[in-house]
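Here the protein sequences come in this chain order: B and F.
Under my numbering, residue 794 is the last one in the first sequence; the count climbs by one each step, no gaps.
Under my numbering, residue 541 is the last one in the second sequence; the count climbs by one each step, no gaps.
These are calculated hints, taken from the structure and not from any lab test.
We put the CB at the ideal spot given by N, CA and C, even for glycine.
Worth double-checking, as some hints may not be accurate.
Taking CB as the label site, the calculated pair distances span [claimed, not checked]:
#: 1; chain 1: F; residue 1: K359; chain 2: B; residue 2: P696; range: 41 to 51 Å
#: 2; chain 1: B; residue 1: D630; chain 2: F; residue 2: K283; range: 14 to 24 Å
#: 3; chain 1: F; residue 1: K285; chain 2: B; residue 2: S710; range: 34 to 44 Å
#: 4; chain 1: F; residue 1: H535; chain 2: B; residue 2: D630; range: 41 to 51 Å
#: 5; chain 1: B; residue 1: P575; chain 2: F; residue 2: R310; range: 32 to 42 Å
#: 6; chain 1: B; residue 1: D763; chain 2: F; residue 2: H535; range: 24 to 34 Å
#: 7; chain 1: B; residue 1: A556; chain 2: F; residue 2: R476; range: 48 to 58 Å
#: 8; chain 1: F; residue 1: E345; chain 2: B; residue 2: R582; range: 53 to 63 Å
#: 9; chain 1: B; residue 1: E576; chain 2: F; residue 2: R310; range: 50 to 60 Å
#: 10; chain 1: F; residue 1: R492; chain 2: B; residue 2: T781; range: 46 to 56 Å
#: 11; chain 1: B; residue 1: L514; chain 2: F; residue 2: P396; range: 22 to 32 Å
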Amino acid sequence: DEDGRRPHARSFTQHKANIWMNKEGPKRKKNRKRSKKRTPLIGTCTSSNPGEIIGEPPQRPTLVSSEVEALQVESPKSAELGNCLRQSKVTSPRKGPSQKPLCNTGSQKTEPLLSGLHVTQPKHTEIASGDPSKTALKVASSNGPVSTLFTLNVEQTQQRASKIKSSKTANTESMKITQSKIRTSESETQPQVLLEGKTKLKQVNKKSPQKTSSSSELNVAQGCKLPFIPVSELLVADTHSSSIPAVNVENTHSKPNVKEKNTSSVTEETHMPNLPPMQFELNTVIMSEAKNKLDHLCNLLDSIVIEHSGKEGYSTNTVIPVLVDQTAKGTSEVAVIPSKFESLPGTVSECQGEKTKEDIEHERKARKEAKAMKKKGGDKSKSENDKQENFNCIKVEKKKAVQQGKPLVVSAVTEEKLPRGKQEPSGSSVPSQGTSQESTTAKSKADLKRERREKQEAQRQAKMIAKAKEVEKQTKGQEQVHLSNDKAKPAPKKKKSAGEGAKRSRDRRIPLLGHLPLHFSQLPIYPVNCDDIHPAVRTLGLKMRDRIVDGSTARVVSTLAALKRFINDYRTPESCDLSRDLAEKLLPNVAFLNACRPHAIAMDNAIRFLKHKVNSIEASMPEAQAKDELRTAIDDYLQENINLASSTIASHAASLIDDGDVILTFGYSAVLIEVVEAVCKGGSNISVVVVDSPHPSSGVSMVKKLSSMSVTTYYRLITDVTHIMHKVTKVVVEAEAVMMNGAIQGICGTAGLALAAATHDTPFIVLCHTYKFCNNDLTDSLVINELGCFRV
Amino acid sequence: MKAYISTFLKQIESDDDMSPAIAAMKALMESLRQDDSTTLQEFIEKMKDAREALSDTDVSVVSVSSGCELFMRFITLKHLELEQAADFASCREILLRRGEDFIKSMEENRKKILRSSNTLIKDGMTILTHSRSRNVLAVMTEAAKQGRQFDVFVTESQPDCSGCRMADELKAAGIPCIVILDSAVGYVMERVTAVMLGAEGVCENGGILNKIGSCTVATLAHLKNKPVYVMVESYKFIRTIPLNNSSLPKKYLHRASVLKSDRDLKSAHPLVDYTPPQNLTLLYTDLGVLPTSAVTEHLIKLYT
Numbered sequence: 003d004e005d006g007r008r009p010h011a012r013s014f015t016q017h018k019a020n021i022w023m024n025k026e027g028p029k030r031k032k033n034r035k036r037s038k039k040r041t042p043l044i045g046t047c048t049s050s051n052p053g054e055i056i057g058e059p060p061q062r063p064t065l066v067s068s069e070v071e072a073l074q075v076e077s078p079k080s081a082e083l084g085n086c087l088r089q090s091k092v093t094s095p096r097k098g099p100s101q102k103p104l105c106n107t108g109s110q111k112t113e114p115l116l117s118g119l120h121v122t123q124p125k126h127t128e129i130a131s132g133d134p135s136k137t138a139l140k141v142a143s144s145n146g147p148v149s150t151l152f153t154l155n156v157e158q159t160q161q162r163a164s165k166i167k168s169s170k171t172a173n174t175e176s177m178k179i180t181q182s183k184i185r186t187s188e189s190e191t192q193p194q195v196l197l198e199g200k201t202k203l204k205q206v207n208k209k210s211p212q213k214t215s216s217s218s219e220l221n222v223a224q225g226c227k228l229p230f231i232p233v234s235e236l237l238v239a240d241t242h243s244s245s246i247p248a249v250n251v252e253n254t255h256s257k258p259n260v261k262e263k264n265t266s267s268v269t270e271e272t273h274m275p276n277l278p279p280m281q282f283e284l285n286t287v288i289m290s291e292a293k294n295k296l297d298h299l300c301n302l303l304d305s306i307v308i309e310h311s312g313k314e315g316y317s318t319n320t321v322i323p324v325l326v327d328q329t330a331k332g333t334s335e336v337a338v339i340p341s342k343f344e345s346l347p348g349t350v351s352e353c354q355g356e357k358t359k360e361d362i363e364h365e366r367k368a369r370k371e372a373k374a375m376k377k378k379g380g381d382k383s384k385s386e387n388d389k390q391e392n393f394n395c396i397k398v399e400k401k402k403a404v405q406q407g408k409p410l411v412v413s414a415v416t417e418e419k420l421p422r423g424k425q426e427p428s429g430s431s432v433p434s435q436g437t438s439q440e441s442t443t444a445k446s447k448a449d450l451k452r453e454r455r456e457k458q459e460a461q462r463q464a465k466m467i468a469k470a471k472e473v474e475k476q477t478k479g480q481e482q483v484h485l486s487n488d489k490a491k492p493a494p495k496k497k498k499s500a501g502e503g504a505k506r507s508r509d510r511r512i513p514l515l516g517h518l519p520l521h522f523s524q525l526p527i528y529p530v531n532c533d534d535i536h537p538a539v540r541t542l543g544l545k546m547r548d549r550i551v552d553g554s555t556a557r558v559v560s561t562l563a564a565l566k567r568f569i570n571d572y573r574t575p576e577s578c579d580l581s582r583d584l585a586e587k588l589l590p591n592v593a594f595l596n597a598c599r600p601h602a603i604a605m606d607n608a609i610r611f612l613k614h615k616v617n618s619i620e621a622s623m624p625e626a627q628a629k630d631e632l633r634t635a636i637d638d639y640l641q642e643n644i645n646l647a648s649s650t651i652a653s654h655a656a657s658l659i660d661d662g663d664v665i666l667t668f669g670y671s672a673v674l675i676e677v678v679e680a681v682c683k684g685g686s687n688i689s690v691v692v693v694d695s696p697h698p699s700s701g702v703s704m705v706k707k708l709s710s711m712s713v714t715t716y717y718r719l720i721t722d723v724t725h726i727m728h729k730v731t732k733v734v735v736e737a738e739a740v741m742m743n744g745a746i747q748g749i750c751g752t753a754g755l756a757l758a759a760a761t762h763d764t765p766f767i768v769l770c771h772t773y774k775f776c777n778n779d780l781t782d783s784l785v786i787n788e789l790g791c792f793r794v
Numbered sequence: 238m239k240a241y242i243s244t245f246l247k248q249i250e251s252d253d254d255m256s257p258a259i260a261a262m263k264a265l266m267e268s269l270r271q272d273d274s275t276t277l278q279e280f281i282e283k284m285k286d287a288r289e290a291l292s293d294t295d296v297s298v299v300s301v302s303s304g305c306e307l308f309m310r311f312i313t314l315k316h317l318e319l320e321q322a323a324d325f326a327s328c329r330e331i332l333l334r335r336g337e338d339f340i341k342s343m344e345e346n347r348k349k350i351l352r353s354s355n356t357l358i359k360d361g362m363t364i365l366t367h368s369r370s371r372n373v374l375a376v377m378t379e380a381a382k383q384g385r386q387f388d389v390f391v392t393e394s395q396p397d398c399s400g401c402r403m404a405d406e407l408k409a410a411g412i413p414c415i416v417i418l419d420s421a422v423g424y425v426m427e428r429v430t431a432v433m434l435g436a437e438g439v440c441e442n443g444g445i446l447n448k449i450g451s452c453t454v455a456t457l458a459h460l461k462n463k464p465v466y467v468m469v470e471s472y473k474f475i476r477t478i479p480l481n482n483s484s485l486p487k488k489y490l491h492r493a494s495v496l497k498s499d500r501d502l503k504s505a506h507p508l509v510d511y512t513p514p515q516n517l518t519l520l521y522t523d524l525g526v527l528p529t530s531a532v533t534e535h536l537i538k539l540y541t
């Protein structure tokens, strides 16, 4: 009896709202998504979110009316809520149209990671369609602080809209062509990120030739875009800071022999795809209105310089705190590649071998071209040796440009072009145009073409390499698994970091939560015939991963059941001690479960108990008896700590609940159902409000159970809990664990619920089994926590 | 009416200085002496009946029930020793001896509280107290005896005007005191340096059950950052944690006679209220000066 009682006392007396989220799962994921979309925006973020909501099915209206009869009684409330919802929707419509495409692209793509990249696309297309006002809106929605600037500019640009339209469409068409080319030339199996990035690159690059050809139109476009420079710098910088690492890696992948300078410049180039292309364009065009064709080209490059400068400036600085979201997004887009790269240095060297072959070919081609160019334009092309020098010059120039702004731009621009061309073909010689570009536009055109071609090749190379690496990793990972049973635990981790799952999950990391262990939707690859892991454990692991088995109590019960089966099937080898061997064999099973989903604290406790039992078996004990002892120990543990404890908790809690109480609870809780049963048995008439978090909507089954017991039940989402808190007399939740300091750990959202209850001075009762007590003392929910799974 | 109950009521009436809990213990002793049961179990059953009968009288149920529970807990502690006794007669001897020891030690409690709160009252203090508490009265009288100069505000404490009685007794001890209306607590609070309360019961979380109005006083004091000291014996510790005032059991709130009658309880005035531990500063007990959170610990020690 005492056992059941104490924990109670604790939770009451301390009354800590220091709850941390454990199962935040999809919910968290959602948040992350949001932040990503919100990325660049700071001011208008709230309004942009509803866009998402619109995309979602209208489950919000809070009530599962079909299931709960009592709800009808509640109808005024629900109506109220409905209104609220509608309002929120109404506020959003402005953003709605602009956001929707984003959502759609995100959802359509099989890889949600890329949504960051996708975000930029729709904007681009919008530009192409030539509706300036729309684009302005969109930009505004995505870039909070900047928005005002943009809208102003848009008004200016309105007159020129038509012209822009034509030029843009032309651009896009050409881009499409190039894209398709790229696609055909490159294998489709490549990770999408690469592809996306590259296509965008192409787009950006394409623009320059286009503009040279249709200069007048471009002029107009440039003119309207001019004023945005500062803005774009800011934004660019943000994205840059986040995206740099990835690009770097990409670069190194394609050409490991290229030096650092190269990589940096490449990164700069590749950043552009990350920016909303529109901005890029805007920048590019700044100066050119009054100038000739050559100047246009220069300006184009100039814009690039500016972007670089922006990047440089910011990359040296630490990221501005406000932009955390954005950086998160950026890293998510890009970080994948670096992780790969870092984790497998061995493979890189192998890839180099492949690359070099291609490189050689590439070089030859480039040289030929260079020769041809020499013949044509004499000073147009330079030797490979000059390249390096050029780069240095460019760097310096760039910096200057950054410092001084426009005046220097022209000179910088021309050189800026160079690194671009060079960077892409990894080791190949890119005839550098140098100052020659300035002299004649025709030459520059040719150069650009060449550059484009080379770039394509480089990209193809990069993809091939990346692919090769992927394959390498996969095989490697599998080998590792086979290598040793003892390493079963570390092995999955390695695989995680290497595999695609890692990529995906890495993508979504938020700096604030970066220290938390990742949860992967991909399982560690275990060979099918691996006998380390008992089939029961394997099944359970998969179920837990997919959240078929969810909730700490259920997980403990099923874990112990699975381990019991494992013990059942266990045979002690001839030469071994049962306790020692069994303990050892237990490890990979436990590790597997942990890899599927991080253990709950209660599970840890249960497993610790089992291990203790195993270790305390004497060597002299016959196997059958030992196994019998273990099985009964498990049964007793379940009986005492869960079944009996639950009924004790129920009787204690029932004594706290009076007739006519309105109880609010959160999610599904078996203990709470027992409590309600006990209360009803005691003759009290209570009603229960089940609050639920939208994603793992465990509350629905709770409502079903309760209403089948003919208890008046209401269903609400956690988001509107403050609306109804004043009508609630007691909040009763089940905890996943109780910390040493009396803080409790519950489903993500419990802390907020506790705060709401405290605000309304409503008693907050926590139900918890004693076996879920934990001797950790946590300061907040970020110290240790479980990240949600990434699948919706 | 059984003999021990009549002695209990007589004792409460005759000795005003005796806490109902002590009186209840003495009544239990009386019943123990008259007891004719032949086994320990039977005895325990009978004692349970006796306890219920005692709490059925028109006294403060809170302290009576806690005192009785503690008494029973103490005298029947260590069943082993009792089981070793040859027969129940010798067993009863043990119980009687223990009971007398326990009551004696409980009667010493007030002196212990006086010792622990020795330096509590200083010269120039203005103290607000609510209703009538024997412990508070004893502490103040003791301080006055030591020559401390301090003023006291006493609330009238409706419905039984026990505050007026308190004021008379204080004046008799030579302590200047003023009776204020219950509704004037907020008015005088800013002039007060400390609040002293007694308690009928101390809950497991350190909150107290006391004469109605205590919650108001403590809350207002807390609001004005005035310390609230509670003088209470450790036998008044009870093993419940009220969630809030509305979750107090009815037997605590109303006299037995009211509960028995068919009156509408909603219109009946409750006799006690619950003051949450957040509004209390320190508990001066025979165990020493305790923060509210220490009550839990003590009770856990006592009942496990």
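Results of checking the hints against the structure:
1. K359/F to P696/B: 41 to 51 Å: 60 Å, violated
2. D630/B to K283/F: 14 to 24 Å: At roughly 47 Å between Cβ atoms, K283/F and D630/B fall outside 14 to 24 Å, so the hint is violated.
3. K285/F to S710/B: 34 to 44 Å: With Cβ atoms ~40 Å apart, the hint holds.
4. H535/F to D630/B: 41 to 51 Å: 44 Å, holds
5. P575/B to R310/F: 32 to 42 Å: Since P575/B and R310/F have Cβ atoms about 56 Å apart, the given range 32 to 42 Å is violated.
6. D763/B to H535/F: 24 to 34 Å: At roughly 28 Å between Cβ atoms, H535/F and D763/B fall inside 24 to 34 Å, so the hint holds.
7. A556/B to R476/F: 48 to 58 Å: For A556/B and R476/F the Cβ distance comes to about 33 Å; the hint is violated.
8. E345/F to R582/B: 53 to 63 Å: With a Cβ separation near 60 Å, E345/F and R582/B satisfy 53 to 63 Å, so the hint holds.
9. E576/B to R310/F: 50 to 60 Å: This hint holds: roughly 58 Å between Cβ atoms.
10. R492/F to T781/B: 46 to 56 Å: This hint holds: roughly 49 Å between Cβ atoms.
11. L514/B to P396/F: 22 to 32 Å: 58 Å, violated
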